[in-house]
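Undergrad: Spelled out from the first residue to the last, the chains are:
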Amino acid sequence: MGISHRISRRKFLGTSAAAATALTFPLPAFAQAAARVVVIGGGFGGASCARALKQIDPKLQVTLVEPNKTFTACPFSNNVIAGLRSIEEQQFGYDKIAAGGVTVVAQAATGVDNAARTVTLADGTSLGYDRLVLSPGVDLRFDVLQGYDEAAAAKMPHAWKAGEQTLLLRKQLEAMDDGGVVVISAPANPFRCPPGPYERACLIAHYLKTKKPRSKLLILDAKDTFSKQRLFQNAWKELYPGMVEWVSLSQGGKVNAVDPATNTLITDFGNHTAKVANVIPPQRAGRIATSAGATDNTGWCAIDPVTFESKSAPNIHVIGDACLAGAMPKSAFSANSQAKVCAAAIATLLSGGTPTAPKLINTCYSLAAPGYGISVAGVYQPKNGVLADVEGAGGVSPADVPREFRAREADYAQSWFATITAEVFG
Amino acid sequence: MKTLSIILGVATIVASNLPVLAASVPPPGAASCSGCHSAGAAASVSRLYGRDAGEIVTAMTGFRDGSVPSTVMARIAKGFTDDELRAIAAWLAAQK
Ligand SMILES: Cc1cc2nc3c(=O)[nH]c(=O)nc-3n(C[C@H](O)[C@H](O)[C@H](O)COP(=O)(O)OP(=O)(O)OC[C@H]3O[C@@H](n4cnc5c(N)ncnc54)[C@H](O)[C@@H]3O)c2cc1C
Numbered sequence: 000m001g002i003s004h005r006i007s008r009r010k011f012l013g014t015s016a017a018a019a020t021a022l023t024f025p026l027p028a029f030a031q032a033a034a035r036v037v038v039i040g041g042g043f044g045g046a047s048c049a050r051a052l053k054q055i056d057p058k059l060q061v062t063l064v065e066p067n068k069t070f071t072a073c074p075f076s077n078n079v080i081a082g083l084r085s086i087e088e089q090q091f092g093y094d095k096i097a098a099g100g101v102t103v104v105a106q107a108a109t110g111v112d113n114a115a116r117t118v119t120l121a122d123g124t125s126l127g128y129d130r131l132v133l134s135p136g137v138d139l140r141f142d143v144l145q146g147y148d149e150a151a152a153a154k155m156p157h158a159w160k161a162g163e164q165t166l167l168l169r170k171q172l173e174a175m176d177d178g179g180v181v182v183i184s185a186p187a188n189p190f191r192c193p194p195g196p197y198e199r200a201c202l203i204a205h206y207l208k209t210k211k212p213r214s215k216l217l218i219l220d221a222k223d224t225f226s227k228q229r230l231f232q233n234a235w236k237e238l239y240p241g242m243v244e245w246v247s248l249s250q251g252g253k254v255n256a257v258d259p260a261t262n263t264l265i266t267d268f269g270n271h272t273a274k275v276a277n278v279i280p281p282q283r284a285g286r287i288a289t290s291a292g293a294t295d296n297t298g299w300c301a302i303d304p305v306t307f308e309s310k311s312a313p314n315i316h317v318i319g320d321a322c323l324a325g326a327m328p329k330s331a332f333s334a335n336s337q338a339k340v341c342a343a344a345i346a347t348l349l350s351g352g353t354p355t356a357p358k359l360i361n362t363c364y365s366l367a368a369p370g371y372g373i374s375v376a377g378v379y380q381p382k383n384g385v386l387a388d389v390e391g392a393g394g395v396s397p398a399d400v401p402r403e404f405r406a407r408e409a410d411y412a413q414s415w416f417a418t419i420t421a422e423v424f425g
Numbered sequence: 000m001k002t003l004s005i006i007l008g009v010a011t012i013v014a015s016n017l018p019v020l021a022a023s024v025p026p027p028g029a030a031s032c033s034g035c036h037s038a039g040a041a042a043s044v045s046r047l048y049g050r051d052a053g054e055i056v057t058a059m060t061g062f063r064d065g066s067v068p069s070t071v072m073a074r075i076a077k078g079f080t081d082d083e084l085r086a087i088a089a090w091l092a093a094q095k
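In order, the protein sequence lines correspond to chains A and B.
Under numbering that gives the first Met the number 0, the letters of the first sequence match residues 0 to 425, in that order.
Under numbering that gives the first Met the number 0, the letters of the second sequence match residues 0 to 95, in that order.
So here's chain A without its partners, still in its complex pose (with noise of 0.2 Å):
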């Protein structure tokens, strides 16, 4: 990086330049001047969590740091994949963000210094903060299945960042022949939306078996056991018999390597040569994570359960997919309940006060047809360090009940994604 110069947010805004200089040096929580809070990612959790920082506190400085003018959301994008929705009902701007006092800065971060308390921006200047969040989602992992690079995923699609990779598996889809194979590689635990490739398994299979009824699908799975086990199994065999195939990492699913030349998936048992192929890689907190100094080993965050302080880097709190939450999977449900717990956490903690305990729900609801809903719920508290289930509560919907139950819960689904959407976009 060249000569990075330093501006506070004053001169960002563009007030006089003495005025800034005399605001380089970093502000104490209490000074009179209002604390200035950067948040980085505006997807789920970055969003909801600059809103609700404003909304709790309104006196507050909050940045919102964010490259991209549209965000495309990965619920319901499985719905694209299946030619059930487009794109464009998954697209929101920031523009109602902004309007309600929040500065939204359209740039990537690319590093954090947390002793001079600065973020440094693309262009090479930087944010002063008192508190800072990141919820920069998940870095898909090119380094871990050999053969799958950036490059392999032009060809073999993960479609696990909603948009050009998302229209790229759906147009692979459309082009396929009748009779087609088409492969999804599932991922070890933890990675970003749990029951998402099998309920995407469920929305292709309706694709095939509606336009191309002679096709197959395979998953090649890296777990044994995976989210919503029981209901998704009951969906295939019900929905799309002798249409899909689960193969368990025993039985032999874990993808060590790729082929992009030939569209092959390599297994310590065999390989799989698809017509399509979903490679859902591993992933880790998105890398200006790494920057700041608050990934662990594991290339997640390790983050204290009543403030999502980092646990390793003070002063930065981390919420959503980039977390390590316990219990709480890494859903866009997660990530908006974190984002507001956090907010208020920031918020007490900027003026003096002492955080208590949260409590947190998620709520992840997947489609295993149109008009065919399923969930799983969970609440979580801290304990022990971690945020951990609260006994007694949460769990799937009920295997055995009538359609009428599922299509409900498909309403809820659509419901749900119009009232986040508008609570983090509206």
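Quick caveat, the hints were computed from the structure, so don't treat them as lab data.
These numbers come from a predicted model, not from an experiment.
Every residue, glycine too, gets a C-beta built ideally from N, C-alpha and C.
Among these hints, one or two may not hold up.
To be verified - In silico lysine-lysine, DSS-like type, Cα no more than 25 Å apart, as pairs: (1) A/K274 - A/K211; (2) A/K222 - A/K170; (3) A/K208 - A/K236; (4) B/K77 - A/K382; (5) A/K170 - A/K215; (6) A/K208 - A/K170; (7) A/K58 - B/K77; (8) A/K154 - A/K170; (9) A/K95 - B/K77.
To be verified - To give an idea of the interface, some chain B residues facing chain A are shown, with a C-beta separation under 10 Å as derived from the structure: (10) C32; (11) G34; (12) A40.
Given the coordinates of chain A, assemble chain B with the ligand onto it according to the supplied hints.
TA: Same frame as chain A, now just chain B with the ligand:
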């Protein structure tokens, strides 16, 4: 009644130190509700902000003991004590 006065007692102490925040920092669990129960929800999903606190508590205890049928709410309600539900309901009722 006893619990209520304890909750109010705590709120008063906090309020004297942190006037701005005491009004808006939600009690444990309350912040999660709006993920589903806010503007834009389907007609079948109840809005909770500004709703009568007693109605919210009655619904939640009904979901919890199964006397009110639900899809997901029983699984969520089981994660909260009576005191927690009362605090959540009071906070939701006070929101706009
Ligand atoms: C196929 C699929 C289906 C899913 N379905 C559901 C579902 O039904 N329900 C559910 O609850 N969850 C679902 N999820 C999971 C959900 O998408 C994630 O858990 C959620 O997006 C996590 O929020 P986040 O804020 O951690 O990350 P994200 O929402 O990914 O946001 C991260 C943001 O940070 C930005 N960023 C990263 N690095 C930087 C940087 N250096 N500087 C500035 N900005 C940066 C990125 O551009 C991005 O906008 C699904 C996921 C997938 C893949």
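Undergrad: State for each hint whether it applies.
TA: Okay, the hints, checked on the actual structure:
1. The hinted pair formed by A/K274 and A/K211 meets the criterion: a straight-line CA distance of about 13 Å does not exceed 25 Å.
2. At most 25 Å may separate the alpha-carbon atoms for a hinted pair to count; A/K222 and A/K170 exceed this at roughly 28 Å.
3. Taking the CA atoms of A/K208 and A/K236, the gap is near 13 Å; set against the 25 Å cutoff, the hint holds.
4. For the hint linking B/K77 to A/K382, the alpha-carbon distance of about 18 Å falls within 25 Å, and the restraint holds.
5. Annotation: proposed proximity of A/K170 to A/K215 holds, straight-line Cα distance about 17 Å (limit 25 Å).
6. Between the alpha carbons of A/K208 and A/K170 the distance comes to roughly 17 Å, so the proposed pair stays at or under 25 Å and holds.
7. For the hint pairing A/K58 with B/K77, the CA-to-CA distance comes to about 37 Å; that exceeds 25 Å, so the pair is violated.
8. For the suggested pair A/K154 and A/K170, the alpha carbons sit about 12 Å apart, so the restraint of at most 25 Å is met.
9. Taken as a hint, the A/K95 and B/K77 pair is broken in the structure, with Cα atoms around 36 Å apart against an allowance of 25 Å.
10. The beta carbon of B/C32 is positioned within 10 Å of a beta carbon in chain A (closest approach about 8 Å), and the interface hint is therefore held.
11. A hinted interface residue such as B/G34 counts as satisfied when its beta carbon comes closer than 10 Å to some beta carbon of chain A; here the least separation is about 5 Å, so the hint holds.
12. For B/A40, the interface hint holds, since its Cβ comes within 10 Å of a Cβ in chain A; the closest pair sits about 5 Å apart.
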